[in-house]
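Work out the full structure, taking the sequences as your base and the hints as a guide.
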Amino acid sequence: MEYLFELSDNLLKSSRQDFKRYLFSQIPADQRLVIIKGARGTGKTTLLLQLMKSLKIEHHEKLYVSLDNIYFLEHKLFEIADRFRKQGGKYLFLDEVHRYPGWALEIKNIYDHFQDLHIVGTGSSALNIHKGEADLSRRALMFRLNELSIREFLDLSFSGRNNIFSFSEILSHHREISLEIIDKNKPLRIFRDYLRYGAYPYFLEGVEYYHERLRAGINTILESDLPSLENISYHSTVQIKKLLFILSESVPFTPNISELGRKMGISRDVILRYLYLLEKAELIFQLRRETRGISYLSKPEKLYLHNPNISFALSPQRPDIGNLRETFMLNQLSVKHDVTWTANGDFCIDNKYILEVGGKKKTKNQIDGIPYSFIAADDIETGFGNKIPLWLFGFLY
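Note that our numbering gives residue 180 to position 180 of the sequence shown, counting from 1, and the numbers run on in steps of one.
Hints in this document: simulated from the structure, not taken from any laboratory. One or more of the hints may lead you astray.
[Stated by the list, open to error] With a Cα cut of at most 20 angstroms, we get these calculated SDA-like pairs of lysine to any residue: (1) K299 / R288; (2) K302 / D320; (3) K53 / N10; (4) K108 / S228; (5) K364 / D338; (6) K299 / K364; (7) K186 / T382.
[Claimed, not checked] So the derived label-pair ranges between C-beta atoms look like this: (8) E79 / T45: 20 to 26 angstroms; (9) E61 / K263: 54 to 60 angstroms; (10) R85 / D18: 31 to 37 angstroms; (11) F158 / E133: 28 to 34 angstroms.
Remember, it's a predicted structure, so these values are computed and weren't measured experimentally. Idealized CB from N, CA, C, for every residue including glycine.
What follows is the structure, encoded as structure tokens:
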């Protein structure tokens, strides 16, 4: 235990406290089991350490451990939790839970046996808490950490503090909000930077090697994280990688599943399963007519990469700006809203609002006469009427 406390203390001392992700204020300290899912590189470890530091309790009452530590090759998590609790421990922070074999069952047993112990864990976005005897769905409060928003990228880059605006506020008061923001920022330049390297905190280590780090993170997701959670062979991993690179050169597009299958030499059902796994890993979006009650075997209307940075990291050529705009919108809107396919525009939000995405010359022809319809236009600082600056949707969280 002394070794674990030493590691925990060292990490806590070096953790960044001046900037906190949007999710920080939403995590309740009184819940006995909280699990935070998110893609690799989004800042889950830093968030976990910040939550730990914010607790005003004694040093020995809180402990951070990363479950990919070789210490757990010879020690059981349940035994560590038991010893920690007997020494007065109250809050156990578990990072990278998916890297620990049988993580769900042991966390379930800890929860059931030690009712005075609180657990906050982080893991891959592909975590499944509903599986078999280790079903944690009735016990765990789940949160998802998305990639950085433009607002967070701006705050992290310049140590600023910008406000969050709701979707309805942006629709109703976008001109006033835009004027407030451009008074102290250059949003068009910031938006272009964000599309290239703003979705993950990797840029803090240098923009020059940002895409190399992102590619390494994607490889780890496909070669390590997914196989630790799903029954995936090495051959399947290679095929999933190939599929992702094919998509990176084509998205967003309306998929022909049979054609994709012929190109890769595998069946339709296998392609759909691979798309499902890529979506669970938050490397792609599958845009559908509905967001609920859909089987992974149903064909999506459109496919997108999960954020614009992935396009720059994987595509050998400069990505199309129209593709980047749509990918950005889907990524930012999906955090708090249901986003579905519509024949009338690019996206339908919460089964009510229609959004058409384009450049500053985008006209309203496609959505003319449709109630609750708006244009999200690039290359404008302020909008007018139902034409809203595209970059402004980066202030939703």
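Hints, one by one, checked against the model:
1. Annotation: proposed proximity of K299 to R288 holds, straight-line Cα distance about 8 angstroms (limit 20 angstroms).
2. Restraint check for K302 and D320: satisfied, since their Cα atoms lie roughly 16 angstroms apart, inside the 20 angstroms limit.
3. The hinted pair formed by K53 and N10 meets the criterion: a straight-line CA distance of about 12 angstroms does not exceed 20 angstroms.
4. Note on K108 and S228: the hinted pairing holds, with a Cα-Cα distance of about 18 angstroms set against a maximum of 20 angstroms.
5. In summary, the hint linking K364 to D338 is not supported, as the alpha carbons are separated by about 23 angstroms, beyond the 20 angstroms threshold.
6. The hinted pair formed by K299 and K364 fails the criterion: a straight-line CA distance of about 29 angstroms is larger than 20 angstroms.
7. For the given pair, K186 sits about 12 angstroms from T382 by alpha-carbon distance, which is consistent with the 20 angstroms threshold.
8. The hint said 20 to 26 angstroms for the Cβ distance between E79 and T45, and at roughly 23 angstroms that hint holds.
9. At about 56 angstroms, the beta-carbon gap between E61 and K263 stays in the expected band of 54 to 60 angstroms.
10. In this structure the hint that R85 and D18 lie 31 to 37 angstroms apart at CB holds, the actual value being about 33 angstroms.
11. F158 and E133 have their C-beta atoms about 49 angstroms apart, which leaves the hinted 28 to 34 angstroms range violated.
Going through the hint list in order, the structure does not satisfy hints 5, 6, 11.
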